[in-house]
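Knowing the structure of chain E, use the given hints to seat chain X on it.
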Amino acid sequence: MSWILFIALAVLTLGGGLGVVATRNVVHAALALLLSLLAVAGIYLILFAEFLAIVQVLIYGGAITIVLLFAIMLTRTAEYPRITDNRQWPLAAVASVATLAVLAGSFWTKAAVDTQPHNPALTDLANSLFTRWAIPFEIASLVLLVALIGAIIIARESEEGT
Amino acid sequence: MVDLVYFQLLSAALFVIGMYGVLARRSAVLIVMSIELMLNAVNINLIAAASHLGYRSVGEAFTNFDGQIIAIFVITVAAAELGLALAIILRIYRNRGSVNVDEVDLMKW
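From first to last, the protein sequence lines are chains E and X. Residue numbers for the first sequence follow this note's numbering, so the first one is 1 and each next one is one higher. Residue numbers for the second sequence follow this note's numbering, so the first one is 1001 and each next one is one higher.
Just chain E, same shape as in the assembly (with noise of 0.2 Å):
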């Protein structure tokens, strides 16, 4: 049961990404990132780990691909059919071929065998989240905060004419 879910999950996302790095329509991509995505999200479900599944599908299934589609309207549309891809692709295609092979093969040999994914109870993540990783998540904010002010500021259109 949970390896059909796992392929049709896999498939999905692996189909996803190669239409974002396939697809010539640039909104096309947007949706078929967001496929990815909300597989991903299912990828989770099945490790057991909902709250990461829950905040998946909010920030990316909702904010991410919404900013990613606002940000394509704001740029023009009609240039990007015209923006091909690199003509060294077929190096980057052999460099990330390259990179599978080292990862996959680095990841088989030092396989864990006969594990199970397990649940940690939403409590204790929170419990650990708010005393152990308290600064971090104290700086994430503060890096979220600075990032969306620097945001602001450098696509604002400035009164002085920049």
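It is possible that some hints are incorrect.
As the list claims (entries may be wrong) - A few chain X residues facing chain E, derived, Cβ under 7 Å:
1) A1012
2) L1023
3) V1029
4) L1037
5) F1073
6) I1075
Unchecked claim - Lysine to any residue pairs mimicking SDA-like chemistry, simulated, CA-CA at most 25 Å apart:
7) K1108(X) to I1092(X)
8) K1108(X) to I1031(X)
9) K110(E) to L1039(X)
10) K110(E) to D1003(X)
No wet-lab data here; the hints were simulated from the structure. The structure displayed is predicted, hence computed values, not measured ones. Ideal Cβ positions, reconstructed from N, Cα and C, are used throughout, including at glycine.
Only chain X this time, still in chain E's reference frame:
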């Protein structure tokens, strides 16, 4: 049950797809999308390792699931990075009239 190594192989494949996108695409928005794919691949790896190995290492209580917490931080930083990247793309588009990264060669030697 699906073993840990298949999740790792899935994450490696997704990472490599994103890497190909970063290397081969020329539109800045598509490069940002490919970076999101790579970050998701890393998250799959972290969460799979956390839920498969955290339990075994201590025996009975589930005490070591730092992978899930690091994944939360990765998602946070990805959101911040995406906001900044899109602001920079908008600024480049306004200044140069294009989002083709090959035309942004002002600092090319």
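So, going through the hints one by one against the coordinates:
1. A1012: This interface hint holds because 4 Å falls under the 7 Å limit.
2. L1023: 4 Å, holds
3. V1029: Since the shortest Cβ distance to chain E is 6 Å, the answer is holds.
4. L1037: OK, holds: L1037(X) within 7 Å of chain E, min 5 Å.
5. F1073: At about 6 Å, which falls below the 7 Å cut-off, the nearest Cβ of chain E leaves the hint on F1073(X) intact, so it holds.
6. I1075: 6 Å, holds
7. K1108(X) to I1092(X): Holds: K1108(X) and I1092(X) sit about 16 Å apart, inside 25 Å.
8. K1108(X) to I1031(X): Satisfied, since the Cα-Cα distance of roughly 19 Å is no more than 25 Å.
9. K110(E) to L1039(X): 23 Å, holds
10. K110(E) to D1003(X): 12 Å, holds
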